[in-house]
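Residue numbers (my numbering), protein chains in the order written: chain D, 1 to 115; chain C, 1 to 116.
Rather than coming from a laboratory, the hints here were simulated on the basis of the structure.
Take these hints with a grain of salt, some might be off.
To be verified - If the Cβ cut is set under 7 Å, some of the chain C residues that face chain D in the computed set are:
| id | residue |
| --- | --- |
| 1 | M46 |
| 2 | F64 |
| 3 | P66 |
| 4 | A87 |
| 5 | I104 |
| 6 | A109 |
| 7 | G110 |
Just so it is clear, CB atoms sit at the ideal spot from N, CA and C, and this is done for glycine as well.
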Amino acid sequence: AQSVAQPEDQVNVAEGNPLTVKCTYSVSGNPYLFWYVQYPNRGLQFLLKYITGDNLVKGSYGFEAEFNKSQTSFHLKKPSALVSDSALYFCAVRDIINTGNQFYFGTGTSLTVIP
Amino acid sequence: ETGVTQTPRHLVMGMTNKKSLKCEQHLGHNAMYWYKQSAKKPLELMFVYNFKEQTENNSVPSRFSPECPNSSHLFLHLHTLQPEDSALYLCASSQDPAGTAKNIQYFGAGTRLSVL
Chain D
1 AQSVAQPEDQ VNVAEGNPLT VKCTYSVSGN PYLFWYVQYP NRGLQFLLKY
51 ITGDNLVKGS YGFEAEFNKS QTSFHLKKPS ALVSDSALYF CAVRDIINTG
101 NQFYFGTGTS LTVIP
Chain C
1 ETGVTQTPRH LVMGMTNKKS LKCEQHLGHN AMYWYKQSAK KPLELMFVYN
51 FKEQTENNSV PSRFSPECPN SSHLFLHLHT LQPEDSALYL CASSQDPAGT
101 AKNIQYFGAG TRLSVL
């Protein structure tokens, strides 16, 4: 069965420090992986995706994520956190074997950047 | 703005009421989705429409009834809901060429539903 795990409900980091939001996945085939961010009272916004190619993917607002097939992980990272990065972050996976329109989302990680 | 508009933004209804949520996308996408977002839980995919045809129905209770009159509009009709149905309901759309699963979803801001 396809699934996504975000092991941390809450991540706190000081402004200017590097941040990592963790995600692991389980799919039957090769995955398409995504990160979305949700600000208060807003819908989810796309940050970045991994389809194929370079394992390090760069996205919006200075975020990047590294696809690690052996560890089935797709952690979100940023070298220097901003207070404005405080939001809810969701990891998602699509299974390329499944030609339907099914996304699988994690439970979300609330990121707080402390000034 | 993402190009996906949901109305209303907030809705309070009693268990005997009938109401509808509306979603409209201005992106020319062919697929539209309804999700339920509850605290501490993964986003729950409820329904998927592709070219106006329903392709996914993830065991959603019949008190939720979707309608997709065209590729730009999606409705979620609600009747005799329960308090546990209170949540944020998100609409999304994507442009997915047949046989692929590559494209991203664009989300609306959601409707915050409270069932009393």
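Hints violated by the structure (listed by number, smallest first): Hints 1, 2, 3 and 4 not satisfied by this model.
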